[in-house]
Amino acid sequence: MDVQSSPGAATSAASSSTSVDVPPLFQTRQDQLLKDLPEDGVEIAGDGRCDSPGYSAKYCTYTVLATEDGQILHYEQIRVGESSAVPSSSAMEKEGLARCLEKLEHYGVTVRSLTTDRHPAIRTYCRIKKPGMPHYFDVWHINKGVKKKLKAAAKSKGCESIKPWIQSITNHLYWVAAMGQGDEELTLSMWRSLLNHICNIHHGHEGPYTECLHGPLEERDWMSRDSQAFRKLRGILENPRLLADLRHLSPKAQTSSLESFNNIRFARKSVAYSEDGMQARSHLTGQSVRYPAS
1 MDVQSSPGAA TSAASSSTSV DVPPLFQTRQ DQLLKDLPED GVEIAGDGRC DSPGYSAKYC
61 TYTVLATEDG QILHYEQIRV GESSAVPSSS AMEKEGLARC LEKLEHYGVT VRSLTTDRHP
121 AIRTYCRIKK PGMPHYFDVW HINKGVKKKL KAAAKSKGCE SIKPWIQSIT NHLYWVAAMG
181 QGDEELTLSM WRSLLNHICN IHHGHEGPYT ECLHGPLEER DWMSRDSQAF RKLRGILENP
241 RLLADLRHLS PKAQTSSLES FNNIRFARKS VAYSEDGMQA RSHLTGQSVR YPAS
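Note that full-length UniProt numbering has the sequence shown beginning at 1, numbered continuously upward.
Simulated from the structure, these hints should not be mistaken for lab results. Careful: at least some of the hints might be erroneous.
[Unchecked claim] Here are the simulated EDC-like cross-link-like pairs (lysine to aspartate or glutamate), alpha carbons at most 20 Å apart as the crow flies:
1. 144 <-> 117
2. 252 <-> 68
3. 148 <-> 238
4. 58 <-> 40
5. 163 <-> 219
6. 157 <-> 226
7. 232 <-> 160
8. 129 <-> 105
9. 163 <-> 221
10. 252 <-> 184
11. 35 <-> 102
12. 149 <-> 245
13. 103 <-> 39
14. 58 <-> 68
15. 148 <-> 245
16. 130 <-> 43
17. 35 <-> 105
18. 130 <-> 102
[As the list claims (entries may be wrong)] Derived DEER-like restraints, expressed as beta-carbon distance ranges:
19. 88 <-> 225: 38 to 48 Å
20. 179 <-> 201: 45 to 55 Å
21. 170 <-> 226: 21 to 31 Å
22. 88 <-> 220: 16 to 26 Å
23. 184 <-> 234: 14 to 24 Å
24. 36 <-> 231: 27 to 37 Å
25. 110 <-> 239: 30 to 40 Å
26. 148 <-> 181: 32 to 42 Å
27. 224 <-> 79: 24 to 34 Å
28. 41 <-> 168: 34 to 44 Å
29. 160 <-> 200: 14 to 24 Å
Since the model is a prediction, treat every value here as computed from it, not as a measurement. Backbone N, C-alpha and C define an ideal beta-carbon position, used for all residues, glycine too.
Put together the whole structure using the sequences plus the hints.
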């Protein structure tokens with residue numbers, strides 16, 4: 001049966017599978033997967049998928065994935081009001097992550113590191129409840145926010161010269177994440193060097209990263225430190241909150257695989273489903289991602 005033939009057919013097929021076949025199969029395979037994980041632990045990424053955007057969401061499916069091989073380890077479906085721990089939609093992702101981590105702990109799985117987006121409740125939870133677990137922020141989500149601000153700034157009068165630099169700046173963020181390797185001071189030093197680079201200054205940077213590593217460059221429209229565009233750009237790139245987040249920039253693990261998981265055909269992120277339908281679709285998605293057809 002083609003579960004994509006119509007929304008109704010898809011829901012019917014998923015519900016039928018859930019009541020008979022999917023949960024036992026999912027549970028059996030999940031149990032075996034968790035038992036077979038390396039003794040020295042895994043690096044994981046976590047992300048949530050809500051039934052609707054913003055504060056109107058009623059339930060959320062939170063999923064954790066092993067970043068080394070892309071295996072979906074576990075997911076939890078959370079509903080607003082189901083317990084005192086979930087009084088509002090903003091609490092669902094944190095509770096979903098907490099339950100996923102409890103599941104891994106139950107199987108004796110050691111989490112070497114966790115990568116998520118910058119969800120405030122998750123940040124607080126990890127800082128208070130999991131102080132010994134390295135918690136990183138996904139580069140894609142940080143980059144998305146930076147790029148949005150740069151595009152808006154480039155539309156301001158007198159700041160048009162920012163636009164040609166946007167792609168270079170976003171590329172630099174990914175490079176910083178990879179080269180920084182979790183070293184906070186090195187990461188920040190490399191990031192701040194960008195403001196010198198844009199002004200055609202390639203050595204004498206503050207911090208451990210003292211000079212650019214690139215070779216000779218083609219001539220381009222360098223910025224002046226006295227320009228309005230540079231001051232605007234500096235305000236974005238040296239925003240205190242951004243600098244604080246860059247200290248937690250993930251050196252390698254990202255949530256991009258989970259974005260793909262959340263948009264796969266059985267449970268697209270942009271489509272709202274019933275609670276039971278979402279549960280069934282998550283089972284099917286987990287099986288198709290973890291055990292692709294041979």
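Comparing the hints with the structure gives:
Between the alpha carbons of residue 144 and residue 117 the distance comes to roughly 11 Å, so the proposed pair stays at or under 20 Å and holds. Between the alpha carbons of residue 252 and residue 68 the distance comes to roughly 10 Å, so the proposed pair stays at or under 20 Å and holds. Between residue 148 and residue 238 the CA atoms are separated by roughly 15 Å; this keeps the pair inside 20 Å, and the hint holds. Between the alpha carbons of residue 58 and residue 40 the distance comes to roughly 37 Å, so the proposed pair goes past 20 Å and is violated.
At roughly 17 Å between alpha-carbon atoms, residue 163 and residue 219 fall within 20 Å of each other, so this suggested pair holds. The straight-line distance between the Cα atoms of residue 157 and residue 226 is roughly 16 Å, inside the 20 Å bound, and the hint therefore holds. With a C-alpha separation of about 11 Å, the suggested pair residue 232 and residue 160 falls inside the 20 Å cut-off, and the hint holds. Taking the CA atoms of residue 129 and residue 105, the gap is about 13 Å. The hint holds against a cut of 20 Å.
Under the criterion of a C-alpha separation no larger than 20 Å, the hint pairing residue 163 with residue 221 is consistent with the structure, at around 11 Å. Of the supplied pair hints, the one linking residue 252 and residue 184 holds, its CA atoms being roughly 14 Å apart against a limit of 20 Å. Pair hint residue 35 plus residue 102 holds up; C-alpha atoms about 15 Å apart against a cutoff of 20 Å. In summary, the hint linking residue 149 to residue 245 is supported, as the alpha carbons are separated by about 16 Å, within the 20 Å threshold.
A hinted pair counts as satisfied when its Cα atoms are at most 20 Å apart, and residue 103 with residue 39 qualifies at roughly 16 Å. For the hint pairing residue 58 with residue 68, the CA-to-CA distance comes to about 32 Å; that exceeds 20 Å, so the pair is violated. For the suggested pair residue 148 and residue 245, the alpha carbons sit about 16 Å apart, so the restraint of at most 20 Å is met. Restraint check for residue 130 and residue 43: the C-alpha separation of about 15 Å stays at or below 20 Å, so the hint holds.
For the hint linking residue 35 to residue 105, the alpha-carbon distance of about 11 Å falls within 20 Å, and the restraint holds. With a C-alpha separation of about 11 Å, the suggested pairing of residue 130 with residue 102 holds against the 20 Å cut-off. At roughly 45 Å, the beta-carbon separation of residue 88 and residue 225 lies within the given 38 to 48 Å, and the hint holds. The hinted window of 45 to 55 Å between residue 179 and residue 201 is violated, with their beta carbons roughly 19 Å apart.
The given range of 21 to 31 Å is respected by residue 170 and residue 226, whose C-beta atoms sit roughly 25 Å from each other. Checked against the given bound of 16 to 26 Å, the beta carbons of residue 88 and residue 220, roughly 48 Å apart, lie outside it. A hinted range of 14 to 24 Å for the beta carbons of residue 184 and residue 234 is consistent with their spacing of about 21 Å. In this structure the hint that residue 36 and residue 231 lie 27 to 37 Å apart at CB is violated, the actual value being about 55 Å.
Between residue 110 and residue 239 the C-beta distance comes to about 35 Å, which sits within the given range of 30 to 40 Å. The supplied range of 32 to 42 Å is broken by residue 148 and residue 181, whose beta-carbon atoms lie about 27 Å from each other. At roughly 55 Å, the beta-carbon separation of residue 224 and residue 79 lies outside the given 24 to 34 Å, and the hint is violated. Taken as a hint, the range 34 to 44 Å holds for the pair residue 41 and residue 168, whose Cβ atoms sit roughly 37 Å apart.
Between residue 160 and residue 200 the beta carbons are some 19 Å apart, a value that agrees with the proposed interval 14 to 24 Å.
In summary, the structure is inconsistent with hints 4, 14, 20, 22, 24, 26, 27 from the numbered list given earlier, while agreeing with the others.
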